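*Asks:* Chain by chain, the residues run as shown.
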Amino acid sequence: MAQVSLRNVRKSFGAVDVIKGVDIDIADGEFVVFVGPSGCGKSTLLRMIAGLEDITDGDLEIDGVRMNDRQPKDRGIAMVFQTYAIFPHMTVRENVAFGLTINKTPKAEAAAKVAEAARILQMEHLMDRKPSQLSGGQRQRVAIGRAIVRDPKVFLFDEPLSNLDAALRMDMRMEIGKLHQSLGASMIYVTHDQVEAMTLADKIVVLKDGLVMQVGTPMDLYHAPDNLFVAGFLGAPSMNFIDVKLTEMESELATVENAAMQPIKVAHKGRALSVGGRGVLGIRPQYLHPVAPSEGMLHGKVALTERLGAETVVEVMLKDGEKVIAALAEDRILAPGTEIGLRFDAAQAHLFADDATQRKAVH
Amino acid sequence: MALPGFGLIAIFIILPFFFAIALSFTNQRLISPNPTQFIGMANYSRLLGVGVTTIQPERDDEGEIIRNAAGAPEYPRLRTIIRGNPDFANLAGMREWFSWERSDEARTIVLARDVVFMKALVNTLLFVIIVAPVQATLALGLALLINQRLRGISFYRAVYFMPVVVSIVVVSLLWRFIYDGNNGLLNNMLSALTFGWFEGHDWLGDPSTALGAIMVMSIWQAVGFHMVIWLSGLQTISPTLYEAAAIEGASKAQTFRYVTWPGLRNTAVLILIVITMQAFALFAQIDVMTNGGPRDSTQTIVFQAVERGYGRQDISGGSTISVLLFLLVLTISLIQGFLTREKT
Ligand SMILES: Nc1ncnc2c1ncn2[C@@H]1O[C@H](COP(=O)(O)OP(=O)(O)OP(=O)(O)O)[C@@H](O)[C@H]1O
Ligand SMILES: [Mg+2]
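So the protein sequences, as listed, match chains A and B. Quick note on my numbering: the first sequence kicks off at 1151 and runs consecutively. Quick note on my numbering: the second sequence kicks off at 72 and runs consecutively.
Bound-form chain A, shown alone (with noise of 0.2 Å):
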């Protein structure tokens, strides 16, 4: 158990920043998910926690030790790899072991340690196969194991699911999720999937361009995304995004409308905004609620639509030629080229300074 905190952290490879000034605080216990799209450092930063990259600049400490130059093995950390990273030629039990091997624990003790571990892991009846003789859940078990037998202070996960199916995947990731609640270490997390991401996070850091985004709780990057960016890269269907021009400012609203759209009000948060200037509205298509035309706030016609049993999705054509997606909870009919209305709760719309760069999310 401990706390890890990151100063200013940078990466350079040779001429190339990928790691460009990250701050992060992370409390004893918590379970942390870096997510971001791909190749924005996620990795990067996860290992130079680990100690397997140099630090270029900035401080990592854990528990109030600054660990820049320690050896991994000395950082009180365990690594779980995307690609298992377990011994072909070694049975499950010598895997457990490694580490316990290495520092010639004594055998009682390693025994004792690996049996526990394969208790927690429900694995007891595979410590003597070989690796090839298990399937890719029951060999990121293996890795876990490994890790669990060290005793780290902080447990460090390379997107450790992403190898598995979908079924396997939701398993395993509940799996860790109580073991997060058992073993009560630290725990780093980075991932590509949202849904690991929300309900294993305390804390998900965003990160894009090797840049922190924002840090927060699930529900709070999720209801008030700080950036376009973050807005746009959680939730599936990811936000819609519409282009409006700012008409009036108060303290807390402004107001907004554009060729589509019938002026609302919407809270602006202090960004920067300014009156005849242009913003972005943000409005997750959960909050879309198809009305008669007459009804709707946005106006357009229905373009397409996926019935997926529980929810319907449907891609609107608005006015102005933009198009925005509803997610309706239901399922629904709604034949293309229907005239429909869309309504929302002002209050569940964000509003942001456009920003080209962080508009187009990647997934």
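A few of these clues could be false.
What the hints assert, rightly or not - Cross-link-like lysine to aspartate or glutamate pairs, in silico, EDC-like; alpha carbons within 16 Å at most:
#	chain 1	residue 1	chain 2	residue 2
1	A	Lys-1395	A	Asp-1505
2	A	Lys-1469	A	Asp-1495
3	A	Lys-1280	B	Glu-314
4	A	Lys-1415	A	Glu-1402
5	A	Lys-1353	A	Asp-1505
6	A	Lys-1223	B	Glu-413
What the hints assert, rightly or not - Just the calculated beta-carbon pair ranges, DEER-fashion:
#	chain 1	residue 1	chain 2	residue 2	range
7	B	Asp-277	A	Thr-1255	23 to 29 Å
8	B	Lys-323	A	Asp-1505	55 to 61 Å
9	A	Asn-1218	B	Lys-323	19 to 25 Å
Calculated directly from the structure, the hints in this document are not laboratory data. All values reported here derive from a predicted model rather than from experimental measurement. Glycine is no exception: its CB is placed at the ideal position from the N, C-alpha and C atoms.
Once you've looked at the hints, dock chain B with the ligands against the given chain A.
*Replies:* Okay, now just chain B with the ligands, sitting in the frame of chain A:
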């Protein structure tokens, strides 16, 4: 599709192979007016025939052992005992291969029908037993050094690989100069390093150093080739395994033992077999550097096969040696395959 390829293999590999086997049971010569005759296993027994006998020292009239000036007992000449003696009919035509004194009273002599072939056999086995492990180990060491991510490493890679690209005949010629007894590079270097104390040695002219010299040169020549094979094996080991080991705190030696070596298993088997076969085929170096001499100290199986088949036009004799070599290599490969099999 595979037919043309198979046809070539059939004509140039499979056919000669069975030809050699067939010829080894005949008395075929390269050019001969006499018709070829089937002679059964005679070629084989001529090559492989060995016998053992014990002889007593010569005694004077009182029954005392006659000793020479140094006090060593004198033995009668072997030839005088065997020749025309019906008691030794099975040893007729054999020559002394080696012998040792059992006690002061007797001497055991091992005889061989073809002493030169026996020497070739022993030399070849010696060559294999020494060269295979030394070369494999050295090559692995180099591969581990070269496998690091350092600047300019590809330069070293190229340097170590260079001898492999040069023809073995050229390399052998070069090394003849290096080993030269008068003004060879090696002698000059040794004498410079010892400030003139070392006075020079005819490395290839001395029966006790000739084979060793050829071993050193052969190891040097092919080590780059095996280094590249090891290197390709090293590259197949996932880097994350090394990272996992680093996180667990494995030392360099532990990393080698638990990650690298197990990951090289298949490569090791391959290298062992390739080196063994190459070593058994030792020929060019001998042909260029020593011609089997001095005093047959560098005879090898393949050199003998060629020398008999073409030098002495004894095609059936050469074929017989080839077949024996084939059986030898086959046996050793099977043993190696058995010893290194995947244990489950
Ligand atoms: N050893 C390296 N040398 C040079 N550039 C590197 C190296 N490792 C990573 N990078 C670069 O750093 C950037 C971040 O890589 P990183 O692996 O951290 O991304 P990531 O966020 O984990 O992506 P993904 O989600 O695809 O795993 C990438 O642009 C990558 O090309
Ligand atoms: Mg990654």
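*Asks:* If a hint holds in the structure, say so; if it does not, say that too.
*Replies:* The hints, checked one at a time:
A threshold of 16 Å between alpha carbons decides the hint, and for A:Lys-1395 with A:Asp-1505 the separation of about 14 Å falls inside it, so the pair holds. Distance hint between A:Lys-1469 and A:Asp-1495 is unfulfilled; the C-alpha atoms sit about 20 Å from each other, more than 16 Å. The straight-line distance between the Cα atoms of A:Lys-1280 and B:Glu-314 is roughly 20 Å, outside the 16 Å bound, and the hint therefore fails. Between A:Lys-1415 and A:Glu-1402, the direct Cα distance comes to roughly 9 Å. Compliance with the 16 Å bound is thereby established for this hinted pair.
For the proposed pair A:Lys-1353 and A:Asp-1505, the alpha carbon gap of about 25 Å is over 16 Å, so the pair is violated. Under the criterion of a C-alpha separation no larger than 16 Å, the hint pairing A:Lys-1223 with B:Glu-413 is inconsistent with the structure, at around 33 Å. The supplied range of 23 to 29 Å is broken by B:Asp-277 and A:Thr-1255, whose beta-carbon atoms lie about 57 Å from each other. Between B:Lys-323 and A:Asp-1505 the Cβ separation comes to about 50 Å, which falls outside the hinted range of 55 to 61 Å.
Between A:Asn-1218 and B:Lys-323 the beta carbons are some 22 Å apart, a value that agrees with the proposed interval 19 to 25 Å.
Consistency with the previously given hints fails for numbers 2, 3, 5, 6, 7, 8, ordered from lowest to highest.
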